[in-house]
Amino acid sequence: MAATFGGVQNRRQTAAWQLVWYLLMIAISVVTVVPFLFMASTSLTQSFTMMTYPPTLIPENPSLANYYEIIFTFQDGMFPRWFFNTLLTTVAITAGSLFLNTLSGYIFAKKEFFGKNFVFALLLATLMVPRAVTLIPSFLIVNRLGLFNTYWALILPELSTAFGIFMMRQFISSLPSELIEVAKIDGAGELRTFWSIIVPLSTPAMAALGIFTVINSWNAFLWPLIVLRANTMRTLVVGLATVQSEFNIDYGLVMAGSVLTVLPMLILYILFQPYFVEGLRMGYGK
Amino acid sequence: MSVTSTAQPALRAAAPATKPRRAWRKMRESLLCYLFLSPSLIVILGFSIVPLVWSIYYSFTKGGMLGRHTFVGVENYVKAFAHPIFLQTLINTTQYAVLTVPIVILLALLVAIVIFQLPKMQGFFRGTVYFPLITPVVIAANIWAYIVNRDFGPLNHLLSMVGVPRIDWLGDPVWAIPAIVMMEIWRGFGFYVIILFAALQSIPKELYEAARIDGAKGLRIIWSITIPLLRPALGFCFIMATIFNFQLFDAVYVLTKGGPAWKTATVSWYVYQQAFQADNVGFASTMGVVLLVIILTLSLMQMRFFRSDIEY
Amino acid sequence: MFRSQVSRRQFLQSSAALMSMAALAACAAPVAPGTSGDAAPAAAAETVLFWKPPHSAQEADLWKPLLEKFQTENAGITVEHQVVPWASVDEQFTAAFAGGSPPDIFYLPDEWYPKYVNQEQIADITDKISGWKDQYSEAGWTGATYKGSTWGAPFLGVAQGWVLNMTLFNEKGIAAPTNWEEFRAAAQALTDTAAGTYGVVADAGPTNWTTMVPLLAAGGTKLLSDDLLTVTANTEGGVAAFETLLENIAWNDQSSTPVGFTADQIRSLALDGKIGMIWQETSTIKAVWRTEAPDLELATIPMLQLADNGTNASWANIGFMFMAQQSADKDAAFTLLEYLSTDDMQVEYVQKGVDLLPLKKDIAGLPDIDPIVEEMVSWLGEGYGVGTQISIRWRDATTSLVQEAQAVLSGAKTAAQALADVEATVGPILDGE
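Protein chains in written order, with the numbering used here: chain A, 1317 to 1602; chain B, 3 to 314; chain C, 18 to 450.
In case anyone wonders, no lab produced these hints; they're calculated from the structure. Watch out, some of these pointers could steer you wrong.
Said to hold, decoys possible - No more than 30 Å apart at the CA atoms, straight line, and that leaves these computed lysine-lysine pairs for DSS-like:
(1) C:Lys150 with C:Lys239
(2) B:Lys28 with A:Lys1500
(3) A:Lys1427 with B:Lys28
(4) B:Lys259 with A:Lys1426
(5) A:Lys1432 with B:Lys28
(6) C:Lys164 with C:Lys291
(7) B:Lys259 with C:Lys347
(8) B:Lys259 with C:Lys150
Isolated chain A (complex conformation) (with noise of 0.2 Å):
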């Protein structure tokens, strides 16, 4: 996969390049992952503030008793109701948003309809409005609709999204319309078309979509922020911040919490990053 650019001649001169460069990257590495790791130590420890000063990779008496507390004691469960309210919000967006997306992917993709250039070109421009400017309007609405303090307040938002909209497309007009023919002369109808042809073809994209969609859900502050009101309706974004803003906060609690809210991300992203790649390439590779 690598490609030399040539600039050097001889072998020696090649792995001596190959060793600063996995040097600088080794650099740049942990300057991106080594202080999440010094968070983590906190975690271990019975610190009231955020970092451990000087900074600890492994503290003195390391104790899981943070991850203890704030799984079963903390304001009486609240931290896997937490999770809970997440986890379902971030998976019926996700499935959701792919569905439609895809679907709508698929019609943009490989279907001709009257004012199918006007509306796309309008979903496109949504992209570029700022977040500041429909914050307020879409919370009066989530009020209007009854939704406020509910799960579909932060569901039926991102149930389908212009970016995501856009990226199905991109790759779908990619896929050979040969395929599609060949269903249509078999009889298929729509639907049967898009879900034994389109989807399964779709997978890398979906998988890069849906990483894309899960991290940002299973994230997502300021608007559960205000959308949710009940404790117990909270997020675990949310949940963490609003408890960081407490009274003689103990952060070796706190980043217990940070941890735990981080690793199914980091499970996640280890697990599917080849489809995640994979589908950016397929993207682009056109």
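Got chain A; can you put chains B and C on it based on the hints?
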């Protein structure tokens, strides 16, 4: 639709007779397409388009979150452009974006190229550079607050090793925005690395071979072949980065709350503050619309510059 | 023909599927819970939703027995109590009011409530509680009056002043300051960046108006005019005030903690005995200082007089229990309000629970009151307390003050410039409300 049964009558009919049939079929097709698009369109209409229109309406009114709004015409806009804090937010936001966007993309490009050359562990490094992006902003921001802490943070520690005096990054009006710039670059560059890396992979190797046969090497190849071919991807990155960074909110909300001395107050943040704290929703909407116009203009300008790629 | 009929059927099926999805979304609306997810009150009982930002780390535990007692005495009423974090009060209340399901009874300090009165979200309870007036101190009752009506029942008062770490003072052989020269000298002498000690915390946090406003009073001015139409801080006295604490001590001599220090850092340093003078609330003395740093010797002073027409000053503000406009006819809510206003609550929660000041007259001080707290409270008797000027624009004014103070603290602006800027940005938005 079965081909056999309807085809023959269609072939036999004269030309005028097929037009209405085809138009009717297209109409049916269109309706079907819109039917399938309807859930997506309803969601996007409801949470993007309607709020946009609503905000534009509100920008010409005076009022709060609840209760009535009174129409005041362009008064809000006039006030906005004489409003010392709003003008400061425009300056801040522009300063921040002008610093962040080019640097983050340049950094991402360099890193993507470096990773691309590594014989092994490409996937690992792509993973590590992307890592901050899978964490919530709140957590990443708090980490950064400690990195730039005046007395305990590693950044000042490193700087002091080369003789630079300690800087109170988040407390000094001059250095607060650079501190946030650094944070957003640290946090976000991985995203562009992945995109640019994918684009690098799609450049055919033969081009490099050909260039090498012609005697070009290293940097020359990168300059004359790689970068021009990356133009679509770079354009995409620039446009996305501009749209994203002009809306900076989370870091300000979590870390600096607009300070010190209004120097990190971005337009998005001030809109939020005015709407939720000062209950000044009309004026907040006005500021939001101004931001929208700025982003739209910049995006269109960039699309023209990077032309030929974002075509549908 | 057969084939096209099959596809037509599928077409109908798919549209049915899509329609039902949309219907499901719409159906969710009436089914969605209006109040918090968990509580399931019995059909006959009424639920009162009670919100309060915390004044203690054990807020929820403090309220449990008190609310249980209420529920026993008032069978048929269930109280649902929620601790609302201070940082998200704006969002939570705005969202709750806008969402149509606000708390029935809630606590807010004087700085926050005029906005909600303006939004018509707070019930005008003048008629209901006008008879209570004599039970309360004058300051408390005045604070509850805005635009001619009484809006809330005074609940607790907060007092803040300088807490001196005498252990550190004694180490360096310095006495507690009695005037500003001594204050400056102490701050400089106590600062030793090598040892990590700081003379004073020149608070740059988002709530530092509680330091700034008394400082202005020490300089003989108030932030806003009494008719709430102009900014009056930009006077010689005001400038002197800013200069004293901010420009002279903080920047030139680096004798205060840097602006970029986080709250938990400062807290940590203070409890380690590394800070000479820090502005604190009475509730922290017992709950934090005596508990976590029992070996430190403490003393207290107010903001010292600065100008001839100024006085010693300390911060004092008041919080109230309000009833939502949307719950104005809910008798159960008012019953809770009455309960929260009993002498019992003043003693059990305000005094014993969070160590703050009761607002009802004739509540005796606690026998085991901490000497530091006692002294801080005594200043109020001497008229040193300055606090909020009740106005919708107060928050905007104090936000501006905070931002400009940060500029002076980090040396970006002079005090004179900063105050002129406060006047320039806040002046135009004042409308007497």
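Structure-based check of each hint:
no.	hint	in the structure
1	C:Lys150 with C:Lys239	27 Å, holds
2	B:Lys28 with A:Lys1500	16 Å, holds
3	A:Lys1427 with B:Lys28	10 Å, holds
4	B:Lys259 with A:Lys1426	47 Å, violated
5	A:Lys1432 with B:Lys28	12 Å, holds
6	C:Lys164 with C:Lys291	46 Å, violated
7	B:Lys259 with C:Lys347	38 Å, violated
8	B:Lys259 with C:Lys150	39 Å, violated
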